[in-house]
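Colleague: Could you put together the complete structure from these sequences and hints?
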Amino acid sequence: MQEKWRKLWLRIVFFVSVVGPGIISANADNDAGGITTYTYVGAHFGTKMLWVLLLVTISLAVTQEMGVRLGIVTRQGLGGIIRENFGIRWTTFAMVTMLVANVGTVIAEFAGIAAAFSIIGVSKYIAVPLAGLIIWFILYKGSFRTTQKIFLIFSAFYIVYIINGFVIKPDFGQAVSSLFIPQIEWTSPFLLTMIALIGTTITPWGQFFIQSYVVDKGLAIKHYRAERAEVFMGAFITDIVSFFIIICAAATLYKFGIQINDAGDAAIALRPLAGGMAQLLFAFGLFSASMLGAFILPTTTAYAFCEAFGWESGFNTTWKNGRAFYTIILGTIIISGLFVLIPHIPLVRVMILSQDLNGILLPFILIFVVKILNNKRIMGKHVNKPIGNIVSWLTIGGIIVATVALVISSILGLA
Amino acid sequence: MPYLSHLLNRQVKDSSDEKVGKLQDILVIPKSGEYPALEFLAILKAKSKDLIFIPYEYVETISREEITLKNLYNSVHVQERVAEGLVYLKKDVLDQQIVDIAGVRVVRVNDLRIGVVNDQMSVLGIDVGMGGILRRLGIDWLGKTGLLKVNLIDWRQTKFMHGLLKLDRAQQKLNKLHPADLANIVEDLNLRHGSKLVVSLDADSAARVLEEVDPNLQKVLVKYLGPEKVAEILTKMTDSEIVDLVKVLPRNEARLFLSQIKSGQLKKIEQLLSYPDNTAGGLMNVDFATVRPGWTIQEALKEVKNASPKLRSVLYVYVTDEDGYYHGKFSLRWLVISPPEMKIRDILKHYPHPQPLHPHQKIKDIAATMTKYNLLTAPVLDSKHRLLGIVTIDDVMSQLLPKA
Numbered sequence: 125m126q127e128k129w130r131k132l133w134l135r136i137v138f139f140v141s142v143v144g145p146g147i148i149s150a151n152a153d154n155d156a157g158g159i160t161t162y163t164y165v166g167a168h169f170g171t172k173m174l175w176v177l178l179l180v181t182i183s184l185a186v187t188q189e190m191g192v193r194l195g196i197v198t199r200q201g202l203g204g205i206i207r208e209n210f211g212i213r214w215t216t217f218a219m220v221t222m223l224v225a226n227v228g229t230v231i232a233e234f235a236g237i238a239a240a241f242s243i244i245g246v247s248k249y250i251a252v253p254l255a256g257l258i259i260w261f262i263l264y265k266g267s268f269r270t271t272q273k274i275f276l277i278f279s280a281f282y283i284v285y286i287i288n289g290f291v292i293k294p295d296f297g298q299a300v301s302s303l304f305i306p307q308i309e310w311t312s313p314f315l316l317t318m319i320a321l322i323g324t325t326i327t328p329w330g331q332f333f334i335q336s337y338v339v340d341k342g343l344a345i346k347h348y349r350a351e352r353a354e355v356f357m358g359a360f361i362t363d364i365v366s367f368f369i370i371i372c373a374a375a376t377l378y379k380f381g382i383q384i385n386d387a388g389d390a391a392i393a394l395r396p397l398a399g400g401m402a403q404l405l406f407a408f409g410l411f412s413a414s415m416l417g418a419f420i421l422p423t424t425t426a427y428a429f430c431e432a433f434g435w436e437s438g439f440n441t442t443w444k445n446g447r448a449f450y451t452i453i454l455g456t457i458i459i460s461g462l463f464v465l466i467p468h469i470p471l472v473r474v475m476i477l478s479q480d481l482n483g484i485l486l487p488f489i490l491i492f493v494v495k496i497l498n499n500k501r502i503m504g505k506h507v508n509k510p511i512g513n514i515v516s517w518l519t520i521g522g523i524i525v526a527t528v529a530l531v532i533s534s535i536l537g538l539a
Numbered sequence: 082m083p084y085l086s087h088l089l090n091r092q093v094k095d096s097s098d099e100k101v102g103k104l105q106d107i108l109v110i111p112k113s114g115e116y117p118a119l120e121f122l123a124i125l126k127a128k129s130k131d132l133i134f135i136p137y138e139y140v141e142t143i144s145r146e147e148i149t150l151k152n153l154y155n156s157v158h159v160q161e162r163v164a165e166g167l168v169y170l171k172k173d174v175l176d177q178q179i180v181d182i183a184g185v186r187v188v189r190v191n192d193l194r195i196g197v198v199n200d201q202m203s204v205l206g207i208d209v210g211m212g213g214i215l216r217r218l219g220i221d222w223l224g225k226t227g228l229l230k231v232n233l234i235d236w237r238q239t240k241f242m243h244g245l246l247k248l249d250r251a252q253q254k255l256n257k258l259h260p261a262d263l264a265n266i267v268e269d270l271n272l273r274h275g276s277k278l279v280v281s282l283d284a285d286s287a288a289r290v291l292e293e294v295d296p297n298l299q300k301v302l303v304k305y306l307g308p309e310k311v312a313e314i315l316t317k318m319t320d321s322e323i324v325d326l327v328k329v330l331p332r333n334e335a336r337l338f339l340s341q342i343k344s345g346q347l348k349k350i351e352q353l354l355s356y357p358d359n360t361a362g363g364l365m366n367v368d369f370a371t372v373r374p375g376w377t378i379q380e381a382l383k384e385v386k387n388a389s390p391k392l393r394s395v396l397y398v399y400v401t402d403e404d405g406y407y408h409g410k411f412s413l414r415w416l417v418i419s420p421p422e423m424k425i426r427d428i429l430k431h432y433p434h435p436q437p438l439h440p441h442q443k444i445k446d447i448a449a450t451m452t453k454y455n456l457l458t459a460p461v462l463d464s465k466h467r468l469l470g471i472v473t474i475d476d477v478m479s480q481l482l483p484k485a
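So the sequence lines, in the order shown, correspond to chains A and B.
If you use the working numbering, the first sequence corresponds to residues 125 to 539, in order.
If you use the working numbering, the second sequence corresponds to residues 82 to 485, in order.
Honestly, the hints are just simulated from the structure, not real lab data.
Keep in mind that this is a model prediction, so the values were computed, not measured.
Beta carbons: idealized from backbone N, C-alpha and C, even for Gly.
Do not take every clue at face value.
Non-contacting residues of chain A with respect to chain B, defined by C-beta distances greater than 10 Å in every case (computed) [to be verified]:
{"#": "1", "residue": "Ile147"}
{"#": "2", "residue": "Trp175"}
{"#": "3", "residue": "Ser247"}
{"#": "4", "residue": "Trp260"}
{"#": "5", "residue": "Gly266"}
{"#": "6", "residue": "Lys273"}
{"#": "7", "residue": "Ile286"}
{"#": "8", "residue": "Ile287"}
{"#": "9", "residue": "Ala299"}
{"#": "10", "residue": "Ala353"}
{"#": "11", "residue": "Asp386"}
{"#": "12", "residue": "Ile392"}
{"#": "13", "residue": "Phe408"}
In the DSS-like style, the derived pairs of lysine-lysine whose C-alpha atoms are separated by at most 25 Å in a straight line are [what the hints assert, rightly or not]:
{"#": "14", "chain 1": "B", "residue 1": "Lys304", "chain 2": "A", "residue 2": "Lys505"}
{"#": "15", "chain 1": "A", "residue 1": "Lys341", "chain 2": "B", "residue 2": "Lys277"}
{"#": "16", "chain 1": "A", "residue 1": "Lys346", "chain 2": "B", "residue 2": "Lys277"}
{"#": "17", "chain 1": "B", "residue 1": "Lys300", "chain 2": "B", "residue 2": "Lys328"}
{"#": "18", "chain 1": "B", "residue 1": "Lys310", "chain 2": "A", "residue 2": "Lys346"}
{"#": "19", "chain 1": "A", "residue 1": "Lys500", "chain 2": "B", "residue 2": "Lys277"}
{"#": "20", "chain 1": "B", "residue 1": "Lys172", "chain 2": "A", "residue 2": "Lys500"}
{"#": "21", "chain 1": "A", "residue 1": "Lys346", "chain 2": "B", "residue 2": "Lys328"}
{"#": "22", "chain 1": "A", "residue 1": "Lys495", "chain 2": "B", "residue 2": "Lys171"}
{"#": "23", "chain 1": "B", "residue 1": "Lys277", "chain 2": "B", "residue 2": "Lys171"}
{"#": "24", "chain 1": "A", "residue 1": "Lys500", "chain 2": "B", "residue 2": "Lys130"}
{"#": "25", "chain 1": "B", "residue 1": "Lys465", "chain 2": "B", "residue 2": "Lys348"}
{"#": "26", "chain 1": "B", "residue 1": "Lys171", "chain 2": "A", "residue 2": "Lys500"}
{"#": "27", "chain 1": "A", "residue 1": "Lys379", "chain 2": "A", "residue 2": "Lys293"}
{"#": "28", "chain 1": "B", "residue 1": "Lys310", "chain 2": "A", "residue 2": "Lys341"}
{"#": "29", "chain 1": "B", "residue 1": "Lys304", "chain 2": "A", "residue 2": "Lys346"}
{"#": "30", "chain 1": "A", "residue 1": "Lys505", "chain 2": "B", "residue 2": "Lys172"}
{"#": "31", "chain 1": "B", "residue 1": "Lys343", "chain 2": "B", "residue 2": "Lys310"}
{"#": "32", "chain 1": "B", "residue 1": "Lys453", "chain 2": "B", "residue 2": "Lys443"}
{"#": "33", "chain 1": "A", "residue 1": "Lys505", "chain 2": "B", "residue 2": "Lys277"}
{"#": "34", "chain 1": "A", "residue 1": "Lys341", "chain 2": "B", "residue 2": "Lys300"}
{"#": "35", "chain 1": "B", "residue 1": "Lys348", "chain 2": "B", "residue 2": "Lys310"}
{"#": "36", "chain 1": "B", "residue 1": "Lys151", "chain 2": "B", "residue 2": "Lys128"}
{"#": "37", "chain 1": "A", "residue 1": "Lys495", "chain 2": "B", "residue 2": "Lys130"}
{"#": "38", "chain 1": "B", "residue 1": "Lys328", "chain 2": "B", "residue 2": "Lys310"}
{"#": "39", "chain 1": "A", "residue 1": "Lys346", "chain 2": "B", "residue 2": "Lys300"}
{"#": "40", "chain 1": "B", "residue 1": "Lys172", "chain 2": "B", "residue 2": "Lys94"}
Modeller: Pasting the structure below:
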């Protein structure tokens, strides 16, 4: 009996030792763009899009698992593998694609910071530059890992949505049936929001992030099963939260026909639980989610670039040697910050559109990932199984079809 | 002088101006400390799309304008396969990571400079700069503004991580780099290549490097080195270095690691492991030269000479009797200047005896004692006054400033 407990205990210890990559990566998907997009989805389309969320969850689990496997087998980052197997032109293409998507996301994070502070009446002209400085200072001087963990703990705020969901007592039966019954409108607002929903959950940076995290952690093939379990769990937990954000918004905002024009509107979804505190609570959640993303993204971008092009990276390099590394980090922070400071820029719209940009660019990165995972020379016996390929290609195909449909519907003026 | 990127995919023509096919790759045989001469052209044949190899001796010209053969295609001795050990410049070298030994860093190969040396067309340098990237993207006019410097590394100054260029001169140079610099390189490389690099070092350098790398990486590296290399490295490590390493390892790895150690040594190591990191017991090392009080200077000198190869450094000589009781220490200087017949016991009389350390003393306390008495090393004694080990000032420093 004791032996049995000991074994169980060992298993738990083993599992905990690999925890991190999957949960952090999946959780960081619920960043500023994420919260806003999910609220927007619920507020404008009720529970109609829940089926997309279900498919996206499966797809997130599968693509993140591929990133884990790739990291474990090759023990290098995605940028390096693309460079060594596709040559410099494709590498440049992949890197520029990632850069555009990531700058878009960092813009969304700063927009989230601006929006959060606007709720408590602080001007974005003060909040955004200050946040930029803090982010840079912590990245440069402090501990990235610790900060990351602090904001991850803050993001436990999402539990609020789950409790809120039970307080509201929405029609769960109807919500669950929406998970399985696809409803689609061939209009550009619907398609645009749908692509944002996909693009905020599965992201180009998420592929780079999980892989380099696995490599940095030094996980080996014996950790694979535990790590896969963690990735699946991460995807599941994250999207449970997304599910509740959507049904909370659907049961409040959608029900009363409130459209989201600024972050204050989005906070209304939390009223049933928090009452008068809803605004403040939402502002706090949005802020910490934005900060988490704003920490992870510039660094992930810079590491991937430097690995692909062979430039020196890391915060222990000197300014002279690490010029490219520091330029990318500072550049993304400054450009994104300045973009958000444009007077009268609609912050919610910026956040949603940046997630669309991520969604539209995602297939390009996923195609690289799938091609590498089917390469026997690289993956050996760990090449993709049919199920991984089917889900990946369906994701890639689905996004492309939605994008084409969006373009056509915009031209035809179906809005 | 062309770059590889100028040549790849260019039409190859024979002496009658007939198209043979497109240049697919160039093959070389790397030799230690030399610029490798071009050996074969790999060509994708125009019609059949077969890959063929043409020995370089048939090449008339190779430049960015044209690649031509000396003979008619029919009279060329074409090979369909080549021997092992040849390196494909495009497939194996281009876009891969290499170690730039002179610059002590890891870079990626953006392009290769090809030119004549000793009457032979050879690979001269490796372009690791922005210019190479732009050239390969076909937008090198951007670089002609003079903003971007060409950044070439001498081929002989580099080390490939593919295991193709094994023990060449570059390798010897690697062994000569300072372990701290090598450790930085290992940290920069991806893990697969980093562990390969450590394996390729001689056991002594490998041991020094392993000791210098970041503790997180140490943990991972030990796993990838494999038991054989670990056993080899272990023989080159002092007991206290082994202890430091074992401390960062997860329990299972640590057990595997310790299983490689002989039982006599193991006992000592287990004893050392029982002290916490920030105490004299955790900091001390157990490799030092000991002599007996009754010996003469001459005998002591002989003993130090014998023990020296196993010791990292010898600053002081420690005096213990047969049962390990501590009598004192004296510096190398005294060993050198004293008359050969003088007894050790008599030297100790002239020598000051600062307070020794006990194994559970805390780091702050140790630092204070060593600073007060200006000590480079301090002996650690147990309650019965037996010598357990010595703490050196660098052990203290690295505990106080772990990031340096």
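Colleague: Which numbered conditions among the earlier hints are violated in the structure presented, ordered from lowest to highest?
Modeller: none
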